[in-house]
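> Sequence:
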Amino acid sequence: MNIYLRELKANGKSLFIWCIIMIAFVAASMGKYAASSYISGQSLNDIISKMPDAVKSMFGAGTFDLSKAIGFYGAMFIYVVLMAAIHASMIGANIISKEEDDKTAEFLMSKPVSRIKVITSKLFAAFTNIIVFNIITLISSIYFVGYYSKGENVSKDILKLMIGVFLLQLIFVSLGLCLSAFLKNSRLASLCTVGIMLVTYILSLAINIDSHLSGLKYFTPFKYYDAKNLIYGKGFEIIYIVISVLIILLFISMTYVFYHKRDLKI
Numbered sequence: 001m002n003i004y005l006r007e008l009k010a011n012g013k014s015l016f017i018w019c020i021i022m023i024a025f026v027a028a029s030m031g032k033y034a035a036s037s038y039i040s041g042q043s044l045n046d047i048i049s050k051m052p053d054a055v056k057s058m059f060g061a062g063t064f065d066l067s068k069a070i071g072f073y074g075a076m077f078i079y080v081v082l083m084a085a086i087h088a089s090m091i092g093a094n095i096i097s098k099e100e101d102d103k104t105a106e107f108l109m110s111k112p113v114s115r116i117k118v119i120t121s122k123l124f125a126a127f128t129n130i131i132v133f134n135i136i137t138l139i140s141s142i143y144f145v146g147y148y149s150k151g152e153n154v155s156k157d158i159l160k161l162m163i164g165v166f167l168l169q170l171i172f173v174s175l176g177l178c179l180s181a182f183l184k185n186s187r188l189a190s191l192c193t194v195g196i197m198l199v200t201y202i203l204s205l206a207i208n209i210d211s212h213l214s215g216l217k218y219f220t221p222f223k224y225y226d227a228k229n230l231i232y233g234k235g236f237e238i239i240y241i242v243i244s245v246l247i248i249l250l251f252i253s254m255t256y257v258f259y260h261k262r263d264l265k266i
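Counted from 1, the sequence shown has number 163 at position 163 by this note's numbering; the numbering is strictly sequential.
These aren't lab readings, by the way, just hints derived from the structure by calculation.
Values in this document were obtained by computation on a predicted structure and should not be read as measured data.
One or more of the hints may lead you astray.
Said to hold, decoys possible - Cβ-Cβ distance ranges computed for the label pairs, FRET-style:
| # | residue 1 | residue 2 | range |
| --- | --- | --- | --- |
| 1 | K13 | L188 | 36 to 44 angstroms |
| 2 | R187 | K261 | 18 to 26 angstroms |
| 3 | Y79 | Y143 | 17 to 25 angstroms |
| 4 | G151 | R187 | 44 to 52 angstroms |
Even for Gly, the Cβ is constructed at its ideal location relative to N, Cα and C.
Construct all of the structure, not just a fragment, from the sequences and the given hints.
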């Protein structure tokens with residue numbers, strides 16, 4: 001029995017739907033950019049600059065040149081990040097615990113496979129899901145943003161953004177795996193994973209609004225790979241990459257430990 005292929009098949013329909021949603025979102029976002037072209041870019045930038053900081057933070061605007069396609073995409077990118085994080089959180093939280101929900105844990109454990117192999121297979125299946133999701137988002141973003149960019153090369157900037165998203169996805173999928181291995185209640189694992197993700201997202205918005213909270217940026221992965229820093233700033237910062245890798249390795253290690261000791265609910 002190939003657990004990896006079994007998991008890919010089980011999550012195939014969900015992944016397809018998520019990819020379609022992401023393609024539609026990117027297309028609709030850039031369609032809004034085209035629709036706003038009757039307003040001069042400078043006028044649109046002025047309108048955004050007069051909005052309260054809280055509103056600008058919610059809509060991911062204020063620091064991007066909205067007269068350019070890549071700037072408009074950067075302003076909307078926070079929603080791409082949020083959807084990618086939700087998808088990764090749900091995949092991580094459900095891929096282990098669903099065996100007990102579906103009453104297939106006993107069947108799985110009756111096979112000549114170790115728990116380590118089960119976790120490793122599910123881990124690779126989860127990573128494959130977020131890789132496919134990331135690649136589809138990357139391709140659709142390069143296509144639609146490039147279409148409206150008037151000849152400007154945007155591939156490099158979009159690639160940097162999607163690398164940041166991938167690292168963020170790895171953080172939340174590993175968090176979901178860890179919590180689903182630790183908590184016996186699968187629904188609670190999903191709620192906790194998505195809840196933590198949303199709290200860190202809200203914290204990132206609060207930091208954007210109030211600079212006095214900037215010291216808390218290390219507690220929210222959404223600030224590690226901020227679109228404005230990747231496009232206009234210093235790019236990737238080593239400190240955030242190191243923190244991300246440590247978090248991912250910690251959560252994955254804890255997943256193996258918790259699942260190895262877990263009493264399965266059959």
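> None of the hints should be skipped; say for each whether it holds.
How the hints compare with the structure:
A beta carbon spacing of about 25 angstroms between K13 and L188 contradicts the range 36 to 44 angstroms that was offered as a hint. Checked against the hint of 18 to 26 angstroms, the pair R187 and K261 passes, with Cβ atoms roughly 21 angstroms apart. For the pair Y79 and Y143, the supplied restraint of 17 to 25 angstroms holds, since their beta-carbon distance comes to about 18 angstroms. Distance hint check for G151 and R187: the Cβ-Cβ separation is about 50 angstroms, which falls inside the suggested range of 44 to 52 angstroms.
Comparing the model with each numbered hint stated earlier shows that hint 1 is the single one that does not hold.
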